[in-house]
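Top line first, the protein sequences correspond to chains H and P. My numbering applies: residue 1 is where the first sequence begins, and numbers increase by one. My numbering applies: residue 1 is where the second sequence begins, and numbers increase by one.
Bear in mind the hints are in silico, worked out from the structure with no lab data behind them. Here the structure is a predicted model, which is why all the values come from computation and not from measurement. It is possible that some hints are incorrect.
Beyond 10 angstroms from chain H on every Cβ pair, some chain P residues (computed) [claimed, not checked]:
{"no.": "1", "residue": "M85"}
{"no.": "2", "residue": "E135"}
{"no.": "3", "residue": "D185"}
{"no.": "4", "residue": "D337"}
Cβ-to-Cβ under 10 angstroms is the rule here; a few derived chain P residues that face chain H [to be verified]:
{"no.": "5", "residue": "T108"}
{"no.": "6", "residue": "P190"}
{"no.": "7", "residue": "Q212"}
{"no.": "8", "residue": "D229"}
{"no.": "9", "residue": "T282"}
Below are the BS3-like pairs computed for lysine-lysine, each with C-alpha atoms no more than 30 angstroms apart in a straight line [to be verified]:
{"no.": "10", "chain 1": "P", "residue 1": "K324", "chain 2": "H", "residue 2": "K19"}
{"no.": "11", "chain 1": "P", "residue 1": "K324", "chain 2": "H", "residue 2": "K43"}
{"no.": "12", "chain 1": "H", "residue 1": "K775", "chain 2": "H", "residue 2": "K705"}
{"no.": "13", "chain 1": "H", "residue 1": "K679", "chain 2": "H", "residue 2": "K658"}
{"no.": "14", "chain 1": "P", "residue 1": "K274", "chain 2": "H", "residue 2": "K24"}
{"no.": "15", "chain 1": "H", "residue 1": "K636", "chain 2": "H", "residue 2": "K775"}
Beta carbons are placed, not taken as given, at the ideal position from N, Cα and C, and that holds for glycine.
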Amino acid sequence: MLVSYNWLQDFLDLHEDPKALAEKITRTGIEIASTVHPMTGLKKLVVGHILSCEKHPDSDHLHITQVDVGEEKPLQIVCGAPNVAKGQYVIVALHGARIAGNEKIKRGKIRGVVSEGMICGLQEIGFSDHVVPKKVANGIFVFPEPLEPGSDVYHALGMDDYILDFDITPNRADTSSMEGAAFEVGAIIDQTPKIEECTVKEDGPEWTQSWQGHADLKLAPKYLLRRISNVKLADSPLWLQTRLWNAGIRPINNVVDVTNYVMLLTGQPMHAYDATTFANQTVEVRHGRKGEKLKLISQDEIDVDPDDVVITNGDHIVGLAGVMGGFDSEVNDHTTDVILESAVFDPALIRKAALRHANRTAASARFEKGINWDNTEKAIDIAALMLRNLASGRIDAGILRVNDQPKPLKAIKTTVSHINHVLGTQLTVSEITHIFDRLNLPLKREDDDQIQVTVPNRRWDLFIPADLIEEVARIYGYDNLKSTQPVLPQTHGGYSPVEIKQRRVREVLQQLGLDETINYSLTSTEKAKLFTQDPNPLVTVQWPMNSSRVALRQSLLSGLVDAASYNLARQNSELHLFEQGRVFNHAQGHYQEYEHAAALYVGHTQPTNWQHIDHEVDFYGVKGQVVSLLTALGIKENVSYEAGQIAGMHPTRTAIIKISDVTVGFVGMLLPQYQSQDKALRNAEMYGFELDLEKIMPLMKPGVKAQPAPKFPSIERDLSLILDKKVSNAQIISAIKASAGKYLQQVTVIDHYDGVQIEHGKKSLTYKLTFLNKKATLTDDIVNHAMDEVIESLKQQLGAQVR
Amino acid sequence: MDLFERVKQLRKEGAKAIESAATEKKLDEVRVKLMGRKGELTEILHAMKEIDPQHRREIGQEVNQLRDQFTERLDVSKKALVKKMVEQRLENERLDVTLPGRPVSLGTKHVVRILQDDLERFFIGMGYQVVQGPEIESEHYNFEMLNLPKDHPARDMQATFYIDDDHLLRSQTSPVQARTLEKHDFKKGPLKMISPGKVYRRDDDDATHSHQFAQMEGLVVDRHITMGDLKGTLESVAKHVFGQDRETRLRPSYFPFTEPSVEMDVSCFNCDGKGCAVCKYTGWIEVLGAGMVHPNVLENAGIDSNIYGGFAFGLGLDRFAILKYGVGDIRDFYTNDVRFLEQFRQEEN
């Protein structure tokens with residue numbers, strides 16, 4: 001809500017600098033998003049009176065005017081506006097003036113004719129398009145009344161005002177009116193605002209008796225109409241127009257302007273119908289019906305929904321209640337009699353209707369957040385009086401009260417000690433009483449501690465003691481609260497056990513040289529299914545913003561590929577990326593979340609260098625990273641790697657990782673994207689792994705029992721074997737382990753060869769076996785014996801020859 | 001030649017030979033020739049037997065002196081030769097130390113995670129427990145338990161991704177409050193928790209909006225928690241993250257799950273409060289929202305709001321990172337350009 005500082009002066013005696021006041025309001029009540037002084041940056045703009053207006057001899061659209069600007073001689077100004085005419089009072093930018101955009105105006109010649117300034121339209125001096133009256137939107141602004149030539153235009157146009165932008169939170173809709181704002185500012189500066197009441201002396205005949213009105217109490221607990229006859233539609237006086245445009249509303253005509261003005265003043269939205277709309281003297285507020293249509297003032301035709309609230313004349317719909325009137329029932333140039341509507345509609349239904357028809361208006365915004373039930377009648381009375389004054393209307397006797405349900409006042413009880421307990425203050429009962437005085441909320445002391453506050457209907461946001469505490473806190477001032485720390489029995493701070501494990505996984509991944517990424521959980525339905533062994537039903541959102549953010553990912557690798565693509569397109573071709581986060585599915589009809597960890601590698605294992613000591617990323621390098629990770633997590637036993645297939649992975653270069661026969665993830669080369677739409681990925685060799693931490697975390701068991709480092713030396717033996725190509729390393733290792741006896745500590749592959757030196761279909765593998773007796777020095781005899789057993793077993797089981 | 005002559009000559013020749021030996025090997029040959037078992041000094045000693053005892057003593061003294069002299073000179077010479085050899089060798093090993101070293105790939109923590117870890121440690125130090133919650137949340141916990149019934153206008157403050165009528169991607173970390181409140185046994189002590197995590201809003205991604213970002217929720221509930229405690233806690237967080245010299249202010253605000261509700265601003269670090277484009281000429285930058293837990297939230301979780309009360313706060317980890325490091329575009333956190341990510345390595349702690 002844009003609140004005019006000058007208008008606030010109607011209610012309060014303000015002396016404070018507007019910006020200082022804005023800061024106070026921000027700290028105490030409503031955040032002031034900005035404080036704008038419209039005349040800032042403007043210079044030498046004065047009222048001019050056009051004495052003559054001739055056609056420019058060398059132009060079909062320019063005019064040469066003589067303009068009285070209060071100086072001895074009139075100024076000659078060439079003007080291109082289509083609406084310029086003799087006799088008008090206009091805005092003149094003199095030689096040396098500054099207009100909007102800091103543009104400087106200079107004397108000059110236009111098509112050979114001297115022009116000593118410029119006649120301005122409102123946009124040219126900084127007005128926003130959406131507040132400029134349509135009549136003058138494409139030309140110069142014409143003052144609706146004579147002004148002193150040569151005087152500043154700023155005051156006449158309301159530009160000497162300060163506009164405070166109240167950024168109103170949903171609970172403080174009570175400040176969405178000048179009266180509400182005045183109460184708020186009054187409380188802050190400790191003044192009681194002068195809020196005027198209204199008494200109407202009707203001067204027309206009684207009109208309500210012959211009318212039929214019906215409205216559901218739930219839809220419209222209050223529904224009041226007044227009839228104003230013989231109105232003369234015209235432009236509103238300038239003072240009214242300036243108040244509207246400073247509040248961000250475009251002046252239209254005196255009838256519509258009055259309804260908007262009264263809404264700004266009281267917070268009560270109003271509507272004016274051409275009285276001929278209700279020719280059969282019937283009005284009805286009801287739910288919409290399927291198949292009904294309505295053309296709105298905005299000229300949009302809508303299909304009415306059964307949840308909409310509509311106004312009808314007993315025959316057809318004439319307006320969408322609380323949101324916007326119908327085009328056909330609108331006040332127009334032929335209107336003579338006006339029906340004014342002032343009502344309270346059901347907030348939730350109005351909110352839904354405005355959302356449904358994408359038509360949130362100043363009125364609907366107020367209805368949905370609540371309005372002051374005690375202003376409904378006052379608003380219609382003020383509007384009636386204004387129409388009599390500004391449109392020569394006749395106020396016909398009586399208000400048609402279709403519904404007029406009163407709203408009882410609330411009383412909230414609390415105690416001074418409770419307030420102090422929550423705020424950590426030592427306020428006395430009189431200090432608290434004073435705060436509620438400032439807020440104009442009547443307070444009754446029940447005893448030394450107990451207080452009761454009666455809440456007027458203008459503060460419908462106050463319900464419970466906590467609401468009163470907030471009022472006390474903010475008026476007392478958050479700056480005045482003492483900063484303390486909670487004094488509590490000791491609590492044990494820390495991570496949950498699961499998080500400790502997740503953090504450890506991330507830490508090791510980082511130690512492995514991987515950069516942590518965070519990718520989007522939402523992806524396309526295609527990507528969401530990639531990199532999972534058996535894709536489950538996807539979790540999809542109902543109203544995705546676009547097709548690339550539809551479904552929740554079932555793997556982290558798909559996001560890492562996106563990150564790789566982004567980097568590769570920017571020539572970042574050395575990538576070691578990881579993510580630790582959640583994946584999702586809808587297995588067995590339940591929404592499930594699983595913690596995963598995944599990594600993606602492109603380029604070299606280490607930064608390339610001039611010595612060429614580097615290595616391209618390959619399967620075994622990445623597998624080694626998995627091994628290092630699992631080892632660092634304390635998982636050394638029973639890990640196996642089996643060739644397997646995963647959507648999105650290379651079919652012959654991928655291993656399924658199992659721990660004790662349970663699949664925990666996979667490692668391998670990503671399926672080359674030779675044909676990819678994404679050019680950045682076409683030539684990239686990508687390797688990666690993905691691990692299901694839900695399976696791995698339970699195996700991470702903290703608590704090491706210390707072992708001394710071995711005191712006795714170990715003995716190493718190398719063993720070179722020639723075998724059939726199809727015999728796997730895993731088979732050989734398990735055969736060695738099974739036959740080497742209890743002193744075998746470790747067995748590792750140290751060489752692999754299958755080139756020309758070897759018989760076709762065979763390969764050579766060399767292993768290093770490490771033996772250790774932790775309790776004594778090993779003898780060669782024992783190790784020799786073990787090696788004999790190993791060799792014998794390899795010969796027997798795998799047909800191995802020793803080289 | 002008499003022995004005296006031989007000694008005299010040997011003194012001269014020996015010194016010359018030692019001096020002219022250019023390598024360690026040559027020097028060793030000289031040593032053998034002069035002082036070895038068959039060397040010249042030994043020969044002289046043998047020859048001494050043949051001269052008269054009177055001169056024998058004299059010669060003996062001279063030979064001994066000469067041996068000492070040779071020993072010393074050989075020693076000096078050897079040291080010099082070794083030194084020279086070492087110097088030569090080291091010179092041969094000379095490297096161009098200005099050629100680049102071979103760096104090792106170091107992993108980097110994501111900048112949002114840096115903020116998260118830092119804040120987690122900060123709160124754990126104050127006795128907070130870190131709690132996690134689901135990202136697919138029920139409407140019940142995301143809204144209703146937090147005093148946001150259906151059709152509450154404040155639901156519009158957050159555009160939510162719905163999955164079905166009852167489930168959604170959580171739009172805030174606050175549902176973890178509700179879940180924790182429900183479970184906590186106050187007989188075992190006060191509740192002090194934080195909950196970091198991803199949240200989702202139906203916003204189009206641009207420089208200042210992201211449909212996914214990270215929040216951290218905080219909640220303290222017990223019998224005697226005051227708004228002063230909230231103020232003190234928030235001030236220490238803000239100063240911890242943004243610097244001890246920052247000013248802070250609390251401003252009334254609105255969240256359905258707190259009453260009173262506040263937002264905290266810190267004085268603009270760019271202009272120090274004078275007003276600039278970063279703070280939109282207000283001198284202040286909003287950093288978080290907070291308030292005293294709404295009685296309805298406590299009651300919804302089955303907690304007697306007449307006995308228990310507390311405060312809650314929520315902060316945006318992305319927002320903190322943006323403000324702390326001057327990040328111009330929130331999308332940078334999620335596109336993961338490694339050049340962007342790796343610059344924060346030095347901030348890890």
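For each hint, the structure was consulted:
1. M85: Correct as stated: the minimum Cβ-Cβ distance to chain H is 29 angstroms, above 10 angstroms.
2. E135: violated (6 angstroms)
3. D185: holds (13 angstroms)
4. D337: violated (6 angstroms)
5. T108: Interface hint status for T108 (chain P): holds (5 angstroms vs cutoff 10 angstroms).
6. P190: holds (5 angstroms)
7. Q212: holds (5 angstroms)
8. D229: Interface hint status for D229 (chain P): holds (4 angstroms vs cutoff 10 angstroms).
9. T282: Result: holds, 8 angstroms to nearest chain H Cβ.
10. P:K324 with H:K19: Cα-Cα ~28 angstroms, so holds.
11. P:K324 with H:K43: violated (41 angstroms)
12. H:K775 with H:K705: holds (18 angstroms)
13. H:K679 with H:K658: violated (35 angstroms)
14. P:K274 with H:K24: holds (17 angstroms)
15. H:K636 with H:K775: Roughly 23 angstroms between the alpha carbons, so the hint for K636 (chain H) and K775 (chain H) holds.
In this structure, the earlier hints numbered 2, 4, 11, 13 are contradicted, and the remaining ones agree with it.
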